[in-house]
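K.L.:
Chains A and B are the protein sequences, given in the same order. Per the numbering used here, residue 804 is the first one in the first sequence, and the count goes up by one each step. Per the numbering used here, residue 804 is the first one in the second sequence, and the count goes up by one each step.
Be a bit skeptical, because a hint or two may be false.
It does not matter which identical chain is used: a pair holds within one copy or between any two.
Said to hold, decoys possible - As a list, the in silico DSS-like pairs of lysine-lysine whose alpha-carbon atoms are at most 30 angstroms apart:
{"id": "1", "residue 1": "K949", "residue 2": "K1054"}
{"id": "2", "residue 1": "K1151", "residue 2": "K949"}
{"id": "3", "residue 1": "K1022", "residue 2": "K887"}
{"id": "4", "residue 1": "K1128", "residue 2": "K873"}
{"id": "5", "residue 1": "K949", "residue 2": "K1128"}
{"id": "6", "residue 1": "K1144", "residue 2": "K987"}
{"id": "7", "residue 1": "K882", "residue 2": "K1128"}
{"id": "8", "residue 1": "K987", "residue 2": "K1062"}
In short, the hints are calculated from the structure, not lab data.
Here is how the chains run, residue by residue.
Number of protein chains: 2
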Amino acid sequence: MRKLYITLAAIFLCSVVSAQFAGIQRGQKPVPLPEGFKPSSTNTFLARYPAVNAETREAIFKVVAPTAQKVQVDLAGKKYDMTKDTSGVWTCTSDPQVVGFHYYAILIDGVAVMDRNSEVFFGSNWESSGIEIPEGPEGDYYRFNKDIPHGQVRSIHYWSDINGLERHINVYVPAEYEANPNKKYPVLYLVHGWGEDENGWSVQGHMANIMDGLIEAGKAEPMIVVMPSGDIKTNSDVREASGNVTEIFAKDLVPYIDKTFRTKTDRENRAMAGLSRGGFQTTMTVFANMDMFAWMGTFSGFFVRGDAVDAFNGVFKDADAFNSKMNLFFISTGTEERNPKDQVLELKEHGINNIVFHESQGTAHEWLTWRRALNEFAPLLFK
Amino acid sequence: MRKLYITLAAIFLCSVVSAQFAGIQRGQKPVPLPEGFKPSSTNTFLARYPAVNAETREAIFKVVAPTAQKVQVDLAGKKYDMTKDTSGVWTCTSDPQVVGFHYYAILIDGVAVMDRNSEVFFGSNWESSGIEIPEGPEGDYYRFNKDIPHGQVRSIHYWSDINGLERHINVYVPAEYEANPNKKYPVLYLVHGWGEDENGWSVQGHMANIMDGLIEAGKAEPMIVVMPSGDIKTNSDVREASGNVTEIFAKDLVPYIDKTFRTKTDRENRAMAGLSRGGFQTTMTVFANMDMFAWMGTFSGFFVRGDAVDAFNGVFKDADAFNSKMNLFFISTGTEERNPKDQVLELKEHGINNIVFHESQGTAHEWLTWRRALNEFAPLLFK
């Protein structure tokens, strides 16, 4: 046993060395943070910084870089100069931030890189760092609730004949799915935006927490939610074959889901929604396949300026025909971004009567807008 | 429609700007790579570098860092100086590498950071970059096979009463699981090593491809594989409560799995294995709960030096008792790392007759060793 303990001691020594880097020693109290600050929920294991303050909405960053000449944090469009202490640790405190999730980068001598204290999130077509400025109780709907049952997010690779490559999707099934082996469920296809990927909704968006809460409260129907890639991450060998995503969604993905899950396969039980570019992909996919979808939503993704009645190859021109086909056309936006309310008004005046328009107060083109949109949208489906 | 196209043009312009950074323009042919090189399978979308050569086993790295004074690649224990061209792009070519997965870092003026062209992998308790040097056909067993059915890796958060926090696990279910709503399955608990996390086996290890292939070929029983955290990534609010993982495995995790999945719940249908520190956690968990597990494995994780018969509180002393309890004690190692073959021999001579010892030829303490170990171990279970 003595020799066993020597081996174990070596293992634990490794742990301690690594943990020290992160600002905490195993078995000891963590390094105290300034009053009011807590580690961001987006930090890696043991990392004390970035630390965020729920009251002031500031964030403190620390970077260990003794050999660098200049270190900055690039957050929400502003570069913050960091100051170095005698041990080579650089620090800065941000201005107050909007609550919710924000990407950021560290600049080491002008080179934008990720902070190794942060979990990594795919945004703007590359891996990025992130912080989460906590909301008060009004943000509970997207946080983990230990007192309710939880669904599962399933990571699945399937083969697409149309673009000839392996594709990765995430599929949420509600908590009750396992316990009801003969029950069939309606399906929502939910697409990420430009520069993000099929993990965005479940990681940055906390969609599973949102759906778990809505379903447990009886506000939303139990449903399957399919989160495909809008062709951001693909197989490295087949870069060229990813242009035709709407065709892949309609002809490869829907049949695969209906074959693999217990789904209701009629159009009344199939919805599609997406954020930003995913909203555009939703309009392209649904309007080209009105026999497949009866519910749809665009979150910060209704890309029409003026002349909405003429848009999308005239799909809105015959309002009665559109109304009879589509049970719901949900359009949402943050109040601090480009707002399609004039186009919505135009469509309503033209006679499109299935639009629900949602404005997220005080938020921009960001995840808090889209978490709220999903929370408003999902309860309207399949009813 | 004209205005719609203007909006779309803006979206695609963003795509092009980002894609240019990655070395490819949308709709154009990708930048050609040197003869014999392909993008690493671990790269992010559109990233051409790092590029790897299956023949020479070299890797070429490129980093855009016009403002840096010195840029290096830190790979497999060696730092490679990169050279800068007139556009500020730094390049180097590595020595030949062992096939399989390797972590690496970029040093910007001496500061170790991640390469933004690489997917991110959790190792050594922080996020890292990775490359994969491709194996020949002998590596097919861990690659995606489009011609066979695929299981699902399910991402699940559950509440642990013992350490009072939300825990994340991944659970693999075989392809046939959905189609057999009344069938119950045996369960393998599979643990990662030091500094990695519950995603290690499914991401770095490609365990789903391995299990899919073994099950489809009839070599392994269809089984559920549960991949918990050995307490690397935890809830940021409750750092201190993660010491007692073996108790959590036995008392929180196993009941949760048996409640949530269609499992066979007797010890003959429950196995546990782990790599490196996860192998140590396996021995600690199984030997303290022999009524729960009848199959076990340690991959590069049999941490005993000499006196093996006396180790683990004397669990091996009564060989007959151990043999009657345990159907399989699988011990594996790479030939290029510390090798427990003397201890295995000692245990066998002592009368422990359920040991299967596997050596991975030419590999060290690395993922190729562990992919091979799982491929050898899984077919022996539940038979």
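K.L.:
Work down the list of hints and note, for each, if the structure agrees.
P.N.:
Going down the list of hints, with the structure as the test:
1. With identical chains, the CA atoms of K949 and K1054 are at most 30 angstroms apart between copies only, with a shortest distance of 17 angstroms across copies and 38 angstroms within one.
2. For a Cα distance limit of 30 angstroms, the shortest separation of K1151 from K949 qualifies neither inside one copy, at 42 angstroms, nor across copies, at 47 angstroms.
3. Taking the closest pair of Cα atoms, K1022 and K887 never come within 30 angstroms of each other, the shortest separation being 51 angstroms inside a single copy and 58 angstroms across copies.
4. In this assembly of identical chains, K1128 and K873 lie within 30 angstroms of each other by CA distance neither inside one copy nor across copies; the values are 59 angstroms within and 61 angstroms between.
5. In this assembly of identical chains, K949 and K1128 lie within 30 angstroms of each other by CA distance neither inside one copy nor across copies; the values are 40 angstroms within and 37 angstroms between.
6. Neither within a single protomer nor between protomers do K1144 and K987 lie at most 30 angstroms apart by alpha-carbon distance, with minima of 37 angstroms and 53 angstroms respectively.
7. Proximity of K882 and K1128 under a CA criterion of 30 angstroms is satisfied in neither setting, with 49 angstroms inside one chain copy and 62 angstroms between copies.
8. In this homomeric assembly, K987 and K1062 come within 30 angstroms of each other (Cα to Cα) both inside a single copy, at 12 angstroms, and across copies, at 21 angstroms.
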